[in-house]
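Novice: Given the coordinates of chain A, work out where chain B should sit on it, guided by the hints.
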Amino acid sequence: MSQQERTYKEPGINMETEPYWEGTKNGQLLMKRCKSCGETHFYPRAICPLCFSPDTEWYEASGKGKIYSYSIMRRAEIPYVMAYVTLDEGVTMMTNIVESDFDDIAIGKAVEVTFRKTEGDQSLPVFRLCK
Amino acid sequence: MSRTSKAYIAGIYEHPTRKATDKTIPQLHAEVAIGALKDAGLTKDDVDGYFCDGEAPGLGGMSMAEYMGLNITYTDTTETGGSSYVVHVGHAVEAIAAGKCTVALITLAGRPRAEGVSSLAARARGDDLPERGFEIPYAPVITNMYGMAAMRHMYEYGTTSEQLAWIKVAASHHAQHNEHALLRDVVTVEDVVNSPMISDPLHRLDCCVISDGGGALIVVSPEIAKSLGDRCVKVLGHGEAVKHLNGGRFDLTYTGAAKSGPIAFAEANLKPADIDYASIYDSFTITVLETIEDLGFCEKGQGGKFVSEGNLVSGVGKLPFNTDGGGLCNNHPSNRGGMTKVIEAVRQLRGEAHPKVQVPDCTLALAHGTGGQISARTGAGTVILGRNDA
Chain A
1 MSQQERTYKE PGINMETEPY WEGTKNGQLL MKRCKSCGET HFYPRAICPL CFSPDTEWYE
61 ASGKGKIYSY SIMRRAEIPY VMAYVTLDEG VTMMTNIVES DFDDIAIGKA VEVTFRKTEG
121 DQSLPVFRLC K
Chain B
132 MSRTSKAYIA GIYEHPTRKA TDKTIPQLHA EVAIGALKDA GLTKDDVDGY FCDGEAPGLG
192 GMSMAEYMGL NITYTDTTET GGSSYVVHVG HAVEAIAAGK CTVALITLAG RPRAEGVSSL
252 AARARGDDLP ERGFEIPYAP VITNMYGMAA MRHMYEYGTT SEQLAWIKVA ASHHAQHNEH
312 ALLRDVVTVE DVVNSPMISD PLHRLDCCVI SDGGGALIVV SPEIAKSLGD RCVKVLGHGE
372 AVKHLNGGRF DLTYTGAAKS GPIAFAEANL KPADIDYASI YDSFTITVLE TIEDLGFCEK
432 GQGGKFVSEG NLVSGVGKLP FNTDGGGLCN NHPSNRGGMT KVIEAVRQLR GEAHPKVQVP
492 DCTLALAHGT GGQISARTGA GTVILGRNDA
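Going line by line, the protein sequences match chains A and B. Numbered per our numbering, the first sequence spans residues 1 to 131. Numbered per our numbering, the second sequence spans residues 132 to 521.
It is worth saying that the hints were derived from the structure and are not from the lab. C-beta: ideal position from N, C-alpha, C; glycine also. Please note: incorrect hints may appear among the correct ones.
Stated by the list, open to error - The calculated label-pair distances, taken between Cβ atoms and stated as ranges, are:
no.	chain 1	residue 1	chain 2	residue 2	range
1	B	G247	A	K109	37 to 47 angstroms
2	B	I165	A	D101	55 to 65 angstroms
3	A	D88	B	G441	15 to 25 angstroms
Stated by the list, open to error - Partial selection, computed: residues in chain B whose CB lies under 8 angstroms from chain A:
no.	residue
4	E262
5	F265
6	A270
7	P271
8	R283
9	I329
10	D331
11	K357
12	L359
13	G379
Pulled out of the complex, with its shape left as it was, chain A reads as follows (with noise of 0.2 angstroms):
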């Protein structure tokens, strides 16, 4: 059984976060990685919160990760899933479980990124269980 979803917010977008919201128009996840001390931060920045280093750049990520943790807004007038994604790339990202059962979902599985339109026609990163 499908969820039935809300809208979605606008991200409210910037100069720092310009490409990741163009990644995801082009159906792409796109990290910011340090190219001083190799680790990948999130939410990406133009400086890496890790070193301070100034000198990051952005690559495409796997989209697949797994669940750290999540909460299931029962008490919102259409029910949604609050989610933290751990990505194989390391970092753990905000987001929402969609496509899936409520009771399907448990920390530790396997999810992969998909995408949804905003009010305002930009493209949002979400999660649904990996088939």
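Specialist: Just chain B, lined up with the frame of chain A:
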């Protein structure tokens, strides 16, 4: 023995209102200030330092200082959410020790019930927040954010909903004696786990109340404390911390208390077993569970066992907590519970808590505040307080 203290808490006041339809926010700030000054035996003209959070009306503390007619030479508007007032106590102590002020007034006021604002998400949020685009579209609200912390703690340590429920049960046992408490009925574990699910695994009764009002504190120099008598309470230690998502590498099973607690204990030269009473921030049951582990009252992961043995109940357990009923049952003014945490700890050390929940010979107490969201950016403030003769 007599421990040295750089400053004392001389006055406390908790506003009795829980719904302030007939008062403005500045009016509430002034009312709690009057109450705390009267409690201390001081007047407005004695105040030379003023502390408030970043949500107080106006730019910093200036509008409120003008409204209340304060003549101040020191101000601090550190904003760490609900933990702000615990942090303010620490900052006031340091300012007094440095000779920058002698009588510090700390106020909190708000009216979310009267205004119909029921969650952090409903507050105006700036478009300039760097995390905005990576969070807001997913609709995080305070309940599902704390729900994720609880879910992860259950996954890692086997904590259960029934164990979390014990925290509410303990708070309700205390609240029955507080005539001002919003929820005075004693509840059972079954009542909590059978209440409606808000955001898994948190039920309605795992959540704190929403209330209007506020409170105030007066922190004074040792010289002034001496002139005011033995109702003054020593501030023996203070610690604070900010914990955040750390570039996408984080652990939701602990809070900022893991850092602020040890700093406060080290300054006070005390350990968790020395504490007679603890005020623990209780926005949700999970907030208490993680915090008591982080402060060292039990091992990490053993919080569920600790609370389900009744350890939080005054007169029964090892760690009597939130004897006013806490945020879970009594009061969570302006969605910020740190102020009432300090106030009840001071009542306990003065022997002025309700007789049914007063800890006998209460000498050393701890008050801990948690701000923001423990599943994202969170502030922590811990103070360790001692009775006048501690």
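Novice: Taking the hints in turn, state whether each one holds.
Specialist: Evaluation of the provided hints:
1. The hinted window of 37 to 47 angstroms between B:G247 and A:K109 holds, with their beta carbons roughly 38 angstroms apart.
2. As the Cβ distance of B:I165 to A:D101 is approximately 57 angstroms, the hint placing it in 55 to 65 angstroms holds.
3. Between A:D88 and B:G441 the beta carbon distance is about 44 angstroms. The supplied range of 15 to 25 angstroms is therefore violated.
4. For the restraint placing B:E262 at the interface with chain A, the shortest Cβ-Cβ distance is roughly 6 angstroms, inside the 8 angstroms limit, so the hint holds.
5. A distance limit of 8 angstroms between C-beta atoms decides the matter here; for B:F265 the minimum to chain A is near 4 angstroms, and the interface restraint holds.
6. With a least beta-carbon distance of about 6 angstroms to chain A, the hint placing B:A270 at the interface is held under the 8 angstroms criterion.
7. Given the 8 angstroms rule on beta carbons, the hint for B:P271 holds: about 6 angstroms separates it from the nearest Cβ of chain A.
8. Interface restraint check: B:R283 against chain A, minimum CB-CB distance 4 angstroms, threshold 8 angstroms, status holds.
9. A least Cβ separation of about 5 angstroms between B:I329 and chain A falls short of the 8 angstroms threshold, and the interface hint therefore holds.
10. Against a cut-off of 8 angstroms between C-beta atoms, the interface hint on B:D331 holds, since the closest Cβ of chain A lies about 5 angstroms away.
11. For B:K357, the shortest C-beta to C-beta distance to chain A is roughly 48 angstroms, which exceeds 8 angstroms, and the interface hint is violated.
12. About 47 angstroms separates the beta-carbon of B:L359 from the nearest beta-carbon of chain A, more than 8 angstroms, and the hint is not met.
13. The interface hint given for B:G379 is met, as the beta carbon of that residue sits about 3 angstroms from the closest beta carbon of chain A, less than 8 angstroms.
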